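Start from chain A and add chain B according to the hints.
Which chain is which? The protein sequence lines are A and B, in order.
Mapping to this note's numbering: the first sequence position 281 is 281, numbers consecutive.
Mapping to this note's numbering: the second sequence position 42 is 42, numbers consecutive.
It is worth saying that the hints were derived from the structure and are not from the lab.
It does not matter which identical chain is meant; a pair holds if it fits inside one copy or across any two.
Straight line, CA to CA, 30 Å or less: simulated BS3-like cross-link-like pairs of lysine-lysine:
1. 244 x 165
2. 20 x 165
3. 135 x 125
4. 18 x 165
5. 20 x 244
6. 244 x 18
7. 282 x 257
8. 96 x 18
9. 10 x 125
10. 273 x 286
11. 18 x 135
Please read all numbers here as calculations on a predicted model, not as lab measurements.
2 protein chains.
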Amino acid sequence: MRHSVEELEKIIYAYLPKEKGYASRCISAMNYAFCAGGKRIRPLMMLLAYEMYAGEDRAQARPVDCFMAAIEMIHTYSLIHDDLPALDNDDLRRGKPTVHVAYDEVTAILAGDALLNYAFFTAAKAFSLCPGDQKVERALSVLTEKPGLDGMLGGQVLDCELTGKPIGEEELAFIYENKTSALIECALLCGAILGGADDHEITLLETIGSCVGLAFQVRDDILDVEGDAASLGKPIGSDERNDKYTYVTMHGMEAAKAYVSDMTARAMDALSKLSVKDTQAKEELKELLLSLVERDR
Amino acid sequence: MRHSVEELEKIIYAYLPKEKGYASRCISAMNYAFCAGGKRIRPLMMLLAYEMYAGEDRAQARPVDCFMAAIEMIHTYSLIHDDLPALDNDDLRRGKPTVHVAYDEVTAILAGDALLNYAFFTAAKAFSLCPGDQKVERALSVLTEKPGLDGMLGGQVLDCELTGKPIGEEELAFIYENKTSALIECALLCGAILGGADDHEITLLETIGSCVGLAFQVRDDILDVEGDAASLGKPIGSDERNDKYTYVTMHGMEAAKAYVSDMTARAMDALSKLSVKDTQAKEELKELLLSLVERDR
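Chain A with its partners taken away, still in its complex shape:
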């Protein structure tokens, strides 16, 4: 692959706040959560989407770097708040104590708030790199929309409200589309917009993000039943224990696997229609997306 996790982390870690001053404990908690691992798939998707249209240009500071850090901050804030006692009450995340366990509940609430705020502060740094550039303005608008009420947070809200309650197919689809797909769409769209993609390409990428997100989430449900706790870094069977309705509990394992295949095929069909400058980046994006929906951890 063109980009290693180490390279991506070097780029995005540079935007983290320094652990000093009176708020240092909160900053330490932010950075603890941010640096706790993870596959960095959203920044990687964003970078490949950017390179598809912009071509490679590693020499200069690029606006996409700010946005890569920003989307990972948004993803991290959502995990910190999701794990809180009032929500999922999870003690472990990626095999390590969650923030409210490693620190305390107040710090977890405020560190999540701080990361969400810092994400937009970080993305706005792109304005200094390219003042007056409407690509940056448009990407920032997407970055403020997809993680919010009409996206990730909307899905999270319904997911919390319905935990332990009967849930319909339409509601489950809404949760998956918003809680999972929205941020993947956000990554692809921000990268492509910053790289100079036109509206036709953006529409295709939105379809790709939506389908891959749905496949990714159902694959997650499958792994919660069939996966290996050690390689996943978290216990399996948690959905059943928490009375969570998932695609698997609702439709069965066979249908879930067929759904993943179908969504993957739709994503690959849209991908094949993209018209990009850097075809190698497109191939790498394709490999990345396939690895996500076929993953076993």
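Frame of chain A, contents of chain B only:
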């Protein structure tokens, strides 16, 4: 006064999300908190700061309208999270049940997150009004900085950490400067930047915001001792009950009143040096700032 609270609320309410769809309970909680009253001083300061430099232009949709709604959303999110059981555990705010009481704790956490996110989404709408306008880009950068770690949230973090513990003068000053002044500075700066103020004016306005914020906060401490619970809409004596160190408990009532006078004088001195287009707006801003530091509720 040129602008009534009703007029301001008409402007900012227009940006609230509609209570429909699967996230409607969360949206209802956001709007409940946002519409629970308050003096709307931050949007009003922002509008007057804007008008001082831009002159009045009520006919068109102005970028400052988006920012006025955004800063009030940020203020509201901070109140919702501040009131949470893990933080101040307050049941009443402006005489009404707080969000985690009127709804529930999960909804309060997510509604706060949603308001913070929605604030930046709302401010970013200004890009469609004036694409490529660096004034909007610069104002958005300020809007992402002042409420965050190097501003309001940093003060909140230290305030939470030190509740019930011994606290030094320097720490108290840090809390007041950040928790209270930062958002007032933010309001003045965003308005002035959008109106076209230059760097010299911005520096003066930052001083004004800082001094007024400090005077406003110490006035709050004074009212918690000498105020009237009914007109304040909240019980008095809560700082003492919660073992909160304030300027009053640390330095005594007389010193607190002298400090308010001193900060007010400094703010008025800086204000007199402003060089604006609309001198009537400047007079109104002066009246507003004086009313805040001399208020009895």
